[in-house]
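*Asks:* Kindly produce the complete structure, drawing on both the sequences and the hints.
2 protein chains.
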Amino acid sequence: MARVSFRIVFEDRTALGPGKIELLERIAELGSISAAGRVFGMSYRRAWTLVDELNTMFAVPLVHATPGGTGGGGARLTALGERIVREYREVEATIHAGTADALARIDADKRTG
Amino acid sequence: MARVSFRIVFEDRTALGPGKIELLERIAELGSISAAGRVFGMSYRRAWTLVDELNTMFAVPLVHATPGGTGGGGARLTALGERIVREYREVEATIHAGTADALARIDADKRTG
Numbered sequence: 075m076a077r078v079s080f081r082i083v084f085e086d087r088t089a090l091g092p093g094k095i096e097l098l099e100r101i102a103e104l105g106s107i108s109a110a111g112r113v114f115g116m117s118y119r120r121a122w123t124l125v126d127e128l129n130t131m132f133a134v135p136l137v138h139a140t141p142g143g144t145g146g147g148g149a150r151l152t153a154l155g156e157r158i159v160r161e162y163r164e165v166e167a168t169i170h171a172g173t174a175d176a177l178a179r180i181d182a183d184k185r186t187g
Numbered sequence: 075m076a077r078v079s080f081r082i083v084f085e086d087r088t089a090l091g092p093g094k095i096e097l098l099e100r101i102a103e104l105g106s107i108s109a110a111g112r113v114f115g116m117s118y119r120r121a122w123t124l125v126d127e128l129n130t131m132f133a134v135p136l137v138h139a140t141p142g143g144t145g146g147g148g149a150r151l152t153a154l155g156e157r158i159v160r161e162y163r164e165v166e167a168t169i170h171a172g173t174a175d176a177l178a179r180i181d182a183d184k185r186t187g
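These protein sequences, in sequence, are chains E and G. Numbering of the first sequence is given in our numbering, commencing with residue 75 and proceeding in unit increments. Numbering of the second sequence is given in our numbering, commencing with residue 75 and proceeding in unit increments.
No wet-lab data here; the hints were simulated from the structure. One or more hints might be untrue.
Selected chain E positions facing chain G (Cβ under 8 angstroms, derived; list incomplete) [to be verified]:
hint	residue
1	Ser117
2	Leu151
3	Gly187
Ranges of calculated distance between the beta carbons of each label pair, as one might list FRET restraints [what the hints assert, rightly or not]:
hint	chain 1	residue 1	chain 2	residue 2	range
4	G	Leu104	E	Asp86	31 to 37 angstroms
5	G	Arg160	E	Arg112	40 to 46 angstroms
6	E	Arg120	G	Glu103	16 to 22 angstroms
7	E	Asp126	G	Thr186	17 to 23 angstroms
8	E	Arg120	G	Gly105	44 to 50 angstroms
9	E	Arg150	G	Ala174	29 to 35 angstroms
10	G	Gly91	E	Asp126	26 to 32 angstroms
11	G	Gly147	E	Arg120	34 to 40 angstroms
12	G	Thr140	E	Thr123	49 to 55 angstroms
The structure displayed is predicted, hence computed values, not measured ones. The C-beta atom is built at its ideal place from N, Cα and C for all residues, glycine as well.
*Replies:* What follows is the structure, given as structure tokens:
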């Protein structure tokens, strides 16, 4: 079936899409930025760059990282980080529910004209 | 204000986003693929490539082009082309109406945390 792929674009042209949200969800789950990045095949540097983007996009950080000693430190979502993930997934659910019928029509049009 | 940017992605991985839809709307308005492309600063070749993609994405073409004689030929949307533009804009309106409140919350979160 057809689906809607979306991102939220802010006035300052920063954007929040599925890649950043999935990274946040994995950080929450795994407690580590580098472990979360590895799930998506990202380098340590790439995962940190995305987290840095996320933390500077918002008025306060979305991810709190603790310095790595033995065991490599850890990371968790801040209260704002958790809320943004939840709000993004709510937007996604609203979009999917609201467009399902129209997408089915467009999909049928695509197949049969 | 924040906004949702989206595209419709089909199972065969082709996609329909704002660029192609705006090109279709300009073709309908101007009756010419190259004139429509110029509105977006596209080369003649680029506009035709997009139209060709659109025409092969769907079971039947979205754009009907007539050979160019004196005056350079013309182009118009087929019945399916008109329907796809309308359906896409309906999906867009549904998305915007359905997500406005949540986007306002996310926007406020972005500004003030």
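*Asks:* Hints broken by the structure, by number, lowest first?
*Replies:* 1, 2, 6 and 11
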